Structure formats: C-alpha cells, structure tokens
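Asker: Dock the two chains into a complex; use the hints.
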Amino acid sequence: GAVVSQHPSWVICKSGTSVKIECRSLDFQATTMFWYRQFPKQSLMLMATSNEGSKATYEQGVEKDKFLINHASLTLSTLTVTSAHPEDSSFYICSASWGLAQFFGPGTRLTVL
Amino acid sequence: TQLLEQSPQFLSIQEGENLTVYCNSSSVFSSLQWYRQEPGEGPVLLVTVVTGGEVKKLKRLTFQFGDARKDSSLHITAAQPGDTGLYLCAGARSQGGKLIFGQGTELSVKP
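Top line first, the protein sequences correspond to chains A and H.
FYI, the numbering used here numbers position 29 of the first sequence as 28, with every residue one higher than the one before it.
Quick note: to get the numbering used here, add 127 to the position in the second sequence (first position is 1).
Since the hints were made in silico from the structure, they are not lab data.
A hint or two may mislead.
Said to hold, decoys possible - Rough simulated footprint, nothing fancy, chain H against chain A, three-plus residues with beta-carbon under 8 Å: (1) 21-27; (2) 60-71.
Claimed, not checked - Okay, derived cross-link-like pairs now, DSS-like style, lysine-lysine, Cα gap no bigger than 30 Å in a straight line: (3) H:K225 to A:K19; (4) H:K184 to A:K65; (5) H:K184 to A:K13.
Claimed, not checked - Interface residues of chain A toward chain H, partial, derived using beta-carbon atoms under 10 Å: (6) H6; (7) W9; (8) C12; (9) F33; (10) L45; (11) I92; (12) S94.
As the structure is a computational prediction, the values presented were derived from the model and not from experiment.
Quick reminder that beta carbons are idealized off the backbone N, C-alpha and C, glycines included.
Isolated chain H, as found in the complex (with noise of 0.2 Å):
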C-alpha cells in the first residue's frame, strides 16, 4: 500500500510550460519535504512545509501543504530544462522521523 501517492509519474512538457505535480494521502503528516534529484545523485531538499494550508515559493516554484496536511503540491512556472529531473515528496509523522515517499514525477522539459 503506497502511503503517499505521487502524481504525475512522467511528465514531459516544452520550455516555458506551467505543471503542478502532486503528492496525496489519507494520513496527516507532522511535516512535507519535496526533494529534486539529478541521475547518479542524492536528492536534494527543497522545501520543508509543516503548517497546514502553508504555502512557500522558491523563485518559480511554488509549494503548497494541504489545510489537513494530508496532502501538498508543487506548480512550477515557466519551466525550463534545468528543471529537468527527479522530484520526490516525503512525509514525515515525527520530527526526526523516517520519511514516507511518494513514486516520484520524472520531469523532463525540452527546449
């Protein structure tokens, strides 16, 4: 039973091109982190959000975490190829806690 369903898992799209990509589950987490991670590397943390209804924003990355903090999105604008990559979100029930993850989108965007 997949505890954090990621959505969607492939996503190809042109330069330019918005996309939300969204992680959703049953369960209420203490915290939501949203990694990217690049081929042959470790995933690199991006936003930590931890209040329900929360959202942050990293340059054109917006991220939002769900008034029940069940659930979180991530909408990037305008992509660009260096956007390409791996994304991974991952609920927390504890601080400190093991990390659930979501399938993953693998995005790429062509210019």
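For reference, chain A alone in the conformation it holds in the complex (with noise of 0.2 Å):
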C-alpha cells in the first residue's frame, strides 16, 4: 500500500509563533494531498486541496493567510500556520491520492501555549 509520512508528530510552541508541517509520499508521486483538521472524538474537517505546481484550494472558513499551503513536489507539501495561537492546537493530517482511495499520514498534534 501507499505510505504518507507526517513531520513532526508534535509540536509545543509559543503564541504568536509560525509552525511548518511536512506531509510526504513515500512510495509513490502524488500530483493531489489534502490536509485536515480533526478535534477529538470527532471525525475529519477538510481544510484545503494541495496541488503540486498550483495554488491550495481551501475550504469555505479556512483562513488561506493563516494556512500556508506549498505542495512543490510530486512527494511533499507543506502546511504553515502562521502567527498560532491556542485556538489553532488541534490534530493536523495530510493524505494523498492513489488509485481509488487516499491514505493519511499519522498526524501531527499541534499544541499552542
């Protein structure tokens, strides 16, 4: 099957300060990854559609000035959040499309103080 790897796991940081996410395809190109949002015991909120070589489309709600989105290459895209605060400490996961079906990456908890 197809691996997507998150970078970092988790991340504590400070108010105010800017947090990059690397989302990777490990085994296979992906032209499409999509990055969520997810609140415990709650399923998964779409935030934004990462095209390699275009700009992210973003979902209705979704800041796209807070929510840098970079998508490269065929193998990675970046999310930045930018100027966090603690209302952005939530689970990010990213996914790529391959074949059918799309696969996650294990997640990043982000934890804003």
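Answerer: Here you go:
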C-alpha cells in the first residue's frame, strides 16, 4: 500500500510563532494532497486541497493567509500555521490520493501555549 | 449540511456481539472508503468500494456498497476488544477528488 509520512508528529509552540508541518508520499508520487484538521472524538474536517505546482484550494471558512500550503514537488506538501494561537491547537492530518483511495499520514499534534 | 450521515455515532458492546454501521447520502459517489482510526494516529484504509451492490469481506468485517452508490454499511461479526476505535466512512465524487466524511462511529468493545 501507499505510505504517507508527516513531520513532526507533535509540536508545542508559543503563541505568535509559526509552525511548519511536512507531508510526504514515500513510495508514490502525489499530484494532489489534502490537509485536514481533527478535534477529539470528531471526524476529519477538510481544510484545503494541495495541488503540485499550483495554488491550494481552500475550503470555506479556512483562512488562506493563516494556513499557508506549498506543494513544491510530487512527494512533498507543507502546511504552515502562521502566527499560531491557542485556538489553532489541534490534530492536523494530511493525505494523498493513490489510485481509487486516499492514504493518510500519522498526523501532527499541535499545541499552542 | 452533512452530506454523508453516519450512524450510530457511539456504540458500546460486549465482546462476541455483532454490529452494523451505516453511511447514507442523497448523493451518488464514484467510490466509498472505510477507515479505522486509533487515538493519536491517522486513519488507516480498510476498504474501497466502487461498484453498486458490491460486497467486500475483510476477515470478520463485511462492507457493502448500495446499488445506487449512495449508501454503505460495515458489519462486524463477533466483535473483539481489538476492534475498538473510530470508524469513518468517506465518499468521493471523482477519482482522486476530495473525500466527504461521515461523522464517525466511536466503537468500544468490552471484554
């Protein structure tokens, strides 16, 4: 199966700082990756679709200037949470399409103090 | 508006019992996927169904895609404590397109 990795697996930062999360497809090329946010005991909420070589498509209500997405290669997409605040604390998960399915990374736990 | 209604959202059963989780929509999907997620980890793909009426089995798990490709079910036979987790259904309107997730079913199987 397809393997997707994320780095870091967890991060703690101070309010006002920026945090970058990496998502990599390890054994396949992904022209499209997706970024999700998940709150405890809830389902996944799609934040944006990351397209290699072009601008990301953001879901309604997601601030594009706050959540910067870069998909510079066919195996790497990054999500940068700019000027993070405590309300940005969450579990962030990426996925990549391969064939008919989407494969998910292990997630990144972000805690903003 | 939730486009994919998943039920039940919480289920607590005893080891050995059977259970069924449902995902229903008024929309047609090109494919539907089921995932299982454990706390602090990403969802793990269990199965993808693409053909109306399709039935797939994965050990004690049986997945069915509705004839009209608008609904799906997951049936677990003789549940075990290791089946505990969050089960998610997700539909895609096109191959490689974004997924529409159900609300999830938090399953707890007690020994």
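Asker: If a hint holds in the structure, say so; if it doesn't, say that too.
Answerer: Against the structure, the hints:
Against chain H, the segment 21-27 of chain A contributes 0 residues with a C-beta closer than 8 Å to a partner C-beta. That does not satisfy the three-residue criterion, and the hint is violated. Coverage of the segment 60-71 of chain A by chain H is violated [criterion: at least 3 residues with CB-CB distance below 8 Å; count 0]. Restraint check: the Cα-Cα separation between K225 of chain H and K19 of chain A comes to about 23 Å, which is no more than 30 Å; the hinted pair holds. Between K184 of chain H and K65 of chain A, the direct Cα distance comes to roughly 43 Å. Violation of the 30 Å bound is thereby established for this hinted pair.
For the hint pairing K184 of chain H with K13 of chain A, the CA-to-CA distance comes to about 47 Å; that exceeds 30 Å, so the pair is violated. Against a cut-off of 10 Å between C-beta atoms, the interface hint on H6 of chain A is violated, since the closest Cβ of chain H lies about 13 Å away. A cut of 10 Å between beta carbons decides the hint on W9 of chain A: the least distance to chain H is about 9 Å, and the hint holds. This hint is violated: C12 of chain A has a C-beta 19 Å from the nearest C-beta of chain H, more than the 10 Å allowed.
Because the closest C-beta pair between F33 of chain A and chain H is about 6 Å apart, less than 10 Å, the hint holds. Against a cut-off of 10 Å between C-beta atoms, the interface hint on L45 of chain A holds, since the closest Cβ of chain H lies about 6 Å away. The criterion of a C-beta within 10 Å of any C-beta in chain H is met by I92 of chain A, whose closest approach is roughly 5 Å, and the hint holds. For S94 of chain A, the suggested interface contact is upheld, since its CB lies about 8 Å from the closest CB of chain H, less than 10 Å.
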